[in-house]
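**Student:** The chain contents come next:
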Amino acid sequence: MDKNLAMALLAFDRPGAASELPPADRAAFAAAVAADPGLAEYARRRAAEDGALSTAMAAVTVPAGAKARALNRLLARRSAALWRQRLTAAGLAAAVLLGVGLTLGVSHSLRPTLDSYAAAYDNEQAIEAPEMAVRAFLAGHGLPPGLPVELDYAKYLEHGTQPLHGRDVPVVTFVLAQPNASRFDYVKVYVVTDRQFKFDGPAAAQSSLCTTTVLTDPRSPGVRWVLVHTSPTLDAFLKPRTAL
Amino acid sequence: MGLAEAGIRDLVEAHYDSLYRYAFRLSGSAADAEDLTQDAFGKAIARHAQLRDPTKARGWLFRILRNDYLHRVRDDKRRKVVSLDSVGELPAEPPDAPPDIDPAKLQEVLDELDESFRTPLILFYFEDFSYREIADQMDLPMGTVMSRLARAKAYLRGRLEPLKLDD
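Taken in order, these protein sequences are the chains called A and P. Under the numbering used here, the letters of the first sequence match residues 267 to 510, in that order. Under the numbering used here, the letters of the second sequence match residues 8 to 174, in that order.
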């Protein structure tokens with residue numbers, strides 16, 4: 267190994283520190299130093315100088331108690347941070363509990379009590395006086411109580427709300443009993459308003475099994491009666507001796 | 008949250024003295040050294056999750072401390088440092104006998120150096136950091152570290168030698 271190169275490599279092979287030279291270079295470097303007394307002397311003097319510098323560099327007195335002071339401050343800071351964290355967590359938990367409690371309380375207070383007698387009575391009213399029950403039901407929804415055609419309440423089945431295009435709307439259903447038939451015809455009268463739907467489509471439409479007819483009444487602007495029926499016409503559902 | 012209490016104790020116990028000495032050599036002041044050391048530990052504990060390899064805690068702490076120090080002196084334009092442009096890089100002949108170096112005088116000379124020369128010198132001689140580790144600490148190519156070390160060491164020799172002769 268060239269002497270100048272060996273001198274340069276000295277910095278990477280300091281006594282007392284891990285050598286930074288690859289094993290092969292370290293062996294060549296050691297051989298070069300061993301073979302050249304001048305280089306060995308140079309390495310010795312350089313190591314002595316480096317050692318003296320290292321010793322002087324490390325000769326810094328750490329003030330008495332500095333470490334303990336630092337440790338105490340760090341632990342105190344950690345403790346304060348822990349408390350802040352716990353208080354924040356407790357605050358959040360309390361807020362969540364309060365929120366859940368309020369939600370449950372409000373939900374409980376808003377839930378109606380099931381009245382089994384009223385359920386029986388209301389159904390009985392619908393059986394005994396269906397037209398009156400339907401009128402009361404529609405009026406309760408702020409709609410005209412009467413239907414636009416004279417449907418026969420002897421064929422009344424039920425009333426209530428059903429989804430139509432995703433919106434619950436009042437509906438009255440009439441059925442036509444057909445002995446020995448595999449299915450029965452029905453007509454559903456949905457009562458809707460222009461606050462719920464836009465009426466851009468045709469007033470009548472037909473599919474394979476059903477027909478839709480949309481009716482209006484000048485006395486009730488903004489209200490539409492959507493009649494969906496399975497029979498070709500509504501005639502079978504009308505009151506006797508009454509034509510549409 | 009950072010380290011558990013035992014972890015903090017272990018970290019401080021293992022590294023406080025060397026970190027303080029590094030801070031002292033960097034700043035030249037006992038008060039600043041204590042503050043820098045304390046802050047470095049504080050930041051290390053807060054960012055403990057960033058330390059993936061616990062065996063590299065020493066280098067990590069030294070890096071945090073140096074960044075903190077650089078942040079503090081960033082706007083300190085009053086500090087006068089010598090230019091090492093005229094100092095050669097080739098290693099001068101080492102003295103025949105190990106020099107008797109006064110640590111206080113050493114600090115005085117270190118304070119004359121720009122931080123970019125002072126830091127590699129301190130790390131190299133005081134904590135036996137390898138060239139690679141110093142390069143990593145300072146985000147510099149290894150060749151630059153070697154060049155700075157050689158020039159800083161030559162300057163150190165020149166400034167410390169007369170004192171020895173005077174003695």
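Be careful, since some hints might not be right.
Pairwise CB distance ranges, derived in the manner of DEER restraints [claimed, not checked]: (1) A:R335 - P:R59: 44 to 50 Å; (2) P:R65 - A:A290: 27 to 33 Å; (3) A:A342 - P:P148: 48 to 54 Å; (4) A:L368 - P:R54: 19 to 25 Å; (5) A:T327 - P:R54: 27 to 33 Å; (6) A:A346 - P:D24: 40 to 46 Å; (7) P:N74 - A:A361: 36 to 42 Å; (8) P:R81 - A:A346: 25 to 31 Å.
In case anyone wonders, no lab produced these hints; they're calculated from the structure. Where a beta carbon is used, it is the ideal one built from N, C-alpha and C, also for glycine.
**Student:** Regarding A:A342 and P:P148, is the given constraint of 48 to 54 Å on their beta-carbon distance met?
**Tutor:** violated (42 Å)
**Student:** Please test the hint of 44 to 50 Å on the beta carbon pair from A:R335 and P:R59.
**Tutor:** Check failed, 30 Å falls outside 44 to 50 Å.
**Student:** Honestly, do A:T327 and P:R54 meet the 27 to 33 Å range at C-beta?
**Tutor:** holds (30 Å)
**Student:** Could you check the hint for me, namely that P:N74 and A:A361 are 36 to 42 Å apart, CB to CB?
**Tutor:** holds (39 Å)
**Student:** Just tell me: holds or violated, for the beta carbon distance of P:R81 and A:A346 against 25 to 31 Å?
**Tutor:** Holds, at about 29 Å.
**Student:** When you take the CB atoms of P:R65 and A:A290, is the distance between them in 27 to 33 Å?
**Tutor:** holds (29 Å)
**Student:** Holds or violated: the 19 to 25 Å window for the beta-carbon distance between A:L368 and P:R54?
**Tutor:** Violated, at about 40 Å.
**Student:** Starting from the hint 40 to 46 Å, judge whether the C-beta atoms of A:A346 and P:D24 obey it.
**Tutor:** With a Cβ separation near 26 Å, A:A346 and P:D24 fall outside 40 to 46 Å, so the hint is violated.
Of the numbered hints listed earlier, those contradicted by the structure are 1, 3, 4 and 6.
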